[in-house]
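Please build the complete structure, drawing on both the sequences and the hints.
First to last, the protein sequences are chains A and B.
Position one of the first sequence corresponds to residue -7 (my numbering), numbered consecutively onward.
Position one of the second sequence corresponds to residue 83 (my numbering), numbered consecutively onward.
Don't take every hint at face value.
Claimed, not checked - Selected chain B positions facing chain A (Cβ under 7 Å, derived; list incomplete):
| hint | residue |
| --- | --- |
| 1 | Met173 |
| 2 | Ala182 |
| 3 | Val216 |
| 4 | Ala238 |
| 5 | Glu240 |
| 6 | Pro256 |
| 7 | Phe312 |
| 8 | Gln324 |
| 9 | Arg342 |
Because the hints were derived from the structure by calculation, they are not lab data.
Ideal Cβ positions, reconstructed from N, Cα and C, are used throughout, including at glycine.
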Amino acid sequence: MLWIALHLPLLSLESFAATLPPELRRMPLALVQAQRVVTHVNAGARALGVKPGQRRNTALGLAPQLVTAAADPLRDARALQGVLHACLAFTPAVSAMPPDRVLLEVQASLRYFEGLEKLVQRLRAALAPLGHRVRHASAPTAQGAALLTLHGPASAAHCADLHVLHKALDAAPVHLLGTVRDRTREQAGALQGMGLHTLADLRRLPRAGLARRFGEALLDEIDRAYGERADPRVWAALPPAFESRLELFARADTSAQLLYGAETLLARLVAWLSAQHAFARRFTLQLQHEARRQRDDRATPAASAIEIVLAAPSRELDHLLLLLRERLDRTQLAAPVLDLFLHCDDIARAPPPNGELFASAQGEREGLTRLVERLQARLGRPRVRRLSRMQDHRPERGSESQEVDAAEFHTRPEAKCAAPVLHGGSITHPSTHPSTHPTTHPITRPVWLVEPAQPLSERRDQPLLDGAPLQLLSGPERIEAGWWDEGLTGRDYFIAQAADASLVWIYRLRLPSLDAAQGWYLHGRFA
Amino acid sequence: MDAMPSAAVLLASPDALRSASAASGSSPPATARPDLHALHPTLWRAHQLGRGAGRALASGFAALDAQLPGGGWPRRALTELLLAHPGIGEMRLLGPSLAATLRAGRLVMLFDPPATLSAWALAQLGLDAEQMLVIDGRSRLPGEMPARQASDSLWALEQALRSGHVGALLAWLPSRLRAERLRRLQLAAQAHDGPAFVLREMAAREHPSAAPLRLALQPAGPDRLALQLFKRHGPPLAAPLQLALPPVLSAAAQGKALARAVAAGQTPRDEPLRAAAFVDLAAG
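Here is the structure:
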């Protein structure tokens, strides 16, 4: 068995800093317990003389600009959960050791990750986006590794076998033991008073007396650390759906301020996804708004949700963050936001795509999918459209414009442009233009449709466009369709030339209609 | 930096070179003159037509290709088309090159088209509308911040150019556009392996532009288009280029239009048309 223990010495401070806007993160920070006693300080606060154990008022007297907040075990637990999920990508045997340590059993993973050194390297890379400072130690026993993270050299410690571990533990001071740390001050002082400084000192004493004096738990912990007693652990299980919450320290008035908190949540989401080698297909960011101040202010919702749907499932932090940023840029907050909640349960378990050395059609398709996704995220889905031909003779119903599904959006290399033929229908005359251009089909329809058709003024039975007469050159082409639905139309279409020699498509109603004006209509321009 | 991908080198004239080398007197002029074209592919002389930095895309009109640097629509650069109003034959001009792009399996994107597009008409131009993507930045969506739409479309255009995955682009730009924005687009276009057409109103002709190729389009009779190439790598074209577009009108109707144009020179213009004079296509 080989255990890696991770210790996050600054977990509480870092989980607090994640709730702050970036300009506050560099300020001196301190966490206080029960509104009175300072428990954690960061480097900036320490430089000003603030120490753990001080009264809150003392600390504020030393550093008036100190940002203080209550220590929140729940917040720390959520942050630790993210670390736990990131570790699950490397071994299924991961166990949390609250408040700030995580244990991994990695013996079975060593071969796959090509040895301990590379495994630790990748583990640290996976933890980096979560933004925690991590100390690690590896040892043959779980408790031993956990103790070494507190005692060993600053960066890392490794004990290859029990013999080395015993030597390292013998030198460890007794106050590192969890059972000792949990004790009251007098009992911890008693150990000191008896001249027991290291674990080796403790081990030299008769066990029965030690157990009577300090309890069985102390012996138990030492035995587990030295590998003399079995040390079963409860493995962390991955929740089926991802949920994480972040309570913002200061209320966010603009969507840009939300992004920093959302980044932390997304990093946890990516950890959860990589633990099961899955990719997110959709996720939702819920924004809890500030409570309504006035009772009559009913328009403000209590919460709003931003749903991001991905065309190509992904677990790249940068890509997810980009999509969220584009959406947040576009969103106007209904009310200031206090609380962020990220939820994801729609995932895809697909093998990761292969990287490519040279540009290829596959790479271009993926690039296009990403492009469409980005455009949809920023502009909104209804703005990215695709036309399709409908089997209808009425020009206004001949084309339909739809939203594009980025996932299914692929250019089809084999697609050929078939010659369009409007089959059947009414008394439409198939035109027989002598085509001088060999590559294209006869052009009978204008590219630009004027919607709705623009009524034209007339002078002596002659239609006018912008005050100048139109010369009718070709026609009539009758389009009569729509008796099967409400839009019955009977029109005679002509191609006419405008004053500047451009060609337009105009029509006259075939039958007088009650609700429409008589005369000529402009319906298209030949581009 | 200069937005143009090609270095424009202006030399006085070949004669000046020759006399300079003759003044040194050491070697005969014919061998002393370096072959300028061999120096760098992007080098061109102002009185000659540029050769284009990359492969150009044939426009489908031989007369136009002969006048375009590189022999076609340039890739990795903006091409600016100026026209008084939409619907003078611009799509028929671009149709063959866009169809070739689609046939190669690449995407064509349209940004802010000025009117409703007819999918059937595009199909008649040889363009499969289902393979094209339309970005409609002008429509207002409910619950949205105002005054962002114009910049949104330009942002989308720049993203599409930068991605380098799009085959060809057509963008109808807003009327008031700062020169820096166009320059940004031209820089972004260097990553775009294909033609990028920006369509603007005629008034933009008076303003400088970063696009290396600029054309003014004007209708010149039925199914004919006059092109003025007033900016290109090479001397500006003095006379407008007349192109016969893929015809909308039948030969008979075209003849009629020409006859009317001739008659309009002699007879009063406001002579009323009679319905009986129409060419009936079914009969013809």
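Which constraints among the numbered hints does this structure fail? Numbers only, ascending. Of the numbered hints given earlier, those the structure breaks are 2, 5, 6, 7 and 8, listed in rising order.
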